[in-house]
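Novice: As a plain string of letters, each chain reads:
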Amino acid sequence: MNRLTALLAPTALIAILLGIWEIACRALQVPVYFLAPPSAIGAALAADAPSLVAAAGYTVSNALIALAVASLLAQGLALVVVLSRTLERAVQPITVVLQVTPVIAIAPLVNIWAGTDHPGRAIIALAVIVAFFPIYSGAVTGLKAADPDLMRLFDLYGATPLQRLLRLRAPSAVPFVLEGHKVAAGLAIVGAVVAEFVAGSGKVQGLAWRILDAGYRLQTARMFAALFVLGVMGAVLYTVLQAAERAGLKWWRGR
Amino acid sequence: MPIAALTDVEVDYPRGRALGPFSLSIAAGEIVALVGPSGCGKSTALRLLAGLEAPTRGEVARAPGRGETAVVFQAPTLAPWLSARANAALPLELSGMPKTDAAAQADKALARVGLAGAEAARPAQLSGGMAMRVSLARALVTEPKLLLLDEPFAALDEITRRALADDVLKLWADIRPAIIFVTHNVEEAVYMASRVVVMSAGPGRMVGDIAVAGPLPRPAQFRTTEGFRATAEAVSDALAQGMSGGMAA
Chain A
1 MNRLTALLAP TALIAILLGI WEIACRALQV PVYFLAPPSA IGAALAADAP SLVAAAGYTV
61 SNALIALAVA SLLAQGLALV VVLSRTLERA VQPITVVLQV TPVIAIAPLV NIWAGTDHPG
121 RAIIALAVIV AFFPIYSGAV TGLKAADPDL MRLFDLYGAT PLQRLLRLRA PSAVPFVLEG
181 HKVAAGLAIV GAVVAEFVAG SGKVQGLAWR ILDAGYRLQT ARMFAALFVL GVMGAVLYTV
241 LQAAERAGLK WWRGR
Chain B
1 MPIAALTDVE VDYPRGRALG PFSLSIAAGE IVALVGPSGC GKSTALRLLA GLEAPTRGEV
61 ARAPGRGETA VVFQAPTLAP WLSARANAAL PLELSGMPKT DAAAQADKAL ARVGLAGAEA
121 ARPAQLSGGM AMRVSLARAL VTEPKLLLLD EPFAALDEIT RRALADDVLK LWADIRPAII
181 FVTHNVEEAV YMASRVVVMS AGPGRMVGDI AVAGPLPRPA QFRTTEGFRA TAEAVSDALA
241 QGMSGGMAA
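Chains A and B, in that order, give the protein sequences.
Numbering of the first sequence is given in our numbering, commencing with residue 1 and proceeding in unit increments.
Numbering of the second sequence is given in our numbering, commencing with residue 1 and proceeding in unit increments.
No wet-lab data here; the hints were simulated from the structure.
Hints may be right or wrong, so weigh each one.
Said to hold, decoys possible - For the chain B half of the interface with chain A, some residues (derived, Cβ under 10 Å), not all of them: (1) ARG47; (2) LEU52; (3) ALA54; (4) ALA63; (5) GLY67; (6) PHE73; (7) ALA75; (8) THR77; (9) ALA79; (10) PRO91; (11) LEU94; (12) PRO98; (13) THR142.
Given the structure is predicted, the values throughout are model-derived calculations rather than measurements.
From the three backbone atoms N, C-alpha and C, an ideal C-beta is built for every residue, glycine too.
Here chain A stands alone, though its shape is the one from the complex:
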């Protein structure tokens, strides 16, 4: 399949679905508060564009800050943990519990700890919690994935534990860590949005707040407009991270 077909096929499908949606809304006279037609959503997008872009900027910047913090914490902890099997075992249940607990369930608690006047802190903290695990688990797996024969060679030439960590285990972990960041970026957005729902977003309003606000007013078209921006934002971030992963792997492998 060439690039043009790859681009045209999904575009055509989306156009057809939007057409059916528009015609169905008009033909069946669906109330606008129940399901807005694509034309109304387009109009809401155009009218709200400046505030939606600001809201998206707020949400994505929180997600990116959280991704950076989660990246540092997860890789730091992974480096410490692989030095000791006991430590790894000790940390494992905590990381698993953090991963399997729904972020929406811990959000009210984190909200209290962050202080109800600082919803931004709570949002970042919650996004960090969800973005942490994929990076941590990728880093731990990667640090342990070094070629056993290369490990033997390092033994043979009397490598120190630090040489082994920096020159063998850390570089071996690169593909796993890149993959972890790609997954974590999407989760950081999810974490930020869920946290905004629970924590509110202070003076500056994020995308989740836009959706809630429009929902309270039964302005379905504006809800869809905010959802559309959220979807585009997630897709852009995923694409950027995927490109970064490819570039990172190319650098790592040399091709």
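The hints should help you fit chain B onto chain A, whose structure is shown.
Specialist: Same frame as chain A, but now just chain B:
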């Protein structure tokens, strides 16, 4: 004075005995081939000689110090994130040699295995044979006294493995390390070694220790000589005996 010797070694793993009792003594500059069926403990014997593993019972004596033993594995075992030069320089850098000196030595070792010009290439950009040569260069960069090869050509095509066998013999003529190599291939064993040690099915014991007459490195027509054919037959007979569990004289 042997450069390395195993005396009545036995290696037990949780799933059972992997090797022994097995004894083997290697003189300096000698080329010994270890042949035997899969799972007979050939690679275990090699790891004992490298000092990478300790025997459950018996003694391992090794004259070479740290950095004087080199191992080449069945796969090239190169770090994908490093260039051919950096891979070959690794043993020197790990022992504390400054980076530029190590790189210069690595370039020499790469030239020796016919890879001048490929120093900056990454393993993913090399063919299987070229990657194996980088692995050989990495082993030779320290000018080892003991070179252990664990089925190094098993994954290569016939033409490449014959070319590499000749290259190894040429390199041996330059540095004269003792070489112990594991192989499944009787012809390769007879062609490359001055002595072929045949092991029985696991746990491996020695069932044959067959000297190979003729000069090293081998002349081009060595494979067609009567001596080559007769030695290969003797090795095959010992192998067949080892498979059936019998002991050769």
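Novice: With reference to the structure, classify each hint as holding or not holding.
Specialist: Comparing the hints with the structure gives:
1. ARG47: Given a least distance of 8 Å, the restraint on ARG47(B) holds.
2. LEU52: For LEU52(B), the interface hint holds, since the closest Cβ of chain A sits about 5 Å away, which is under 10 Å.
3. ALA54: Violated, about 12 Å.
4. ALA63: With a closest approach of 16 Å, the ALA63(B) hint is violated.
5. GLY67: holds (6 Å)
6. PHE73: holds (5 Å)
7. ALA75: holds (7 Å)
8. THR77: holds (4 Å)
9. ALA79: holds (6 Å)
10. PRO91: holds (5 Å)
11. LEU94: holds (4 Å)
12. PRO98: Since the shortest Cβ distance to chain A is 15 Å, the answer is violated.
13. THR142: Since the shortest Cβ distance to chain A is 8 Å, the answer is holds.
Figure legend: structure checked against the earlier numbered hints; hints not met, in rising order: 3, 4, 12.
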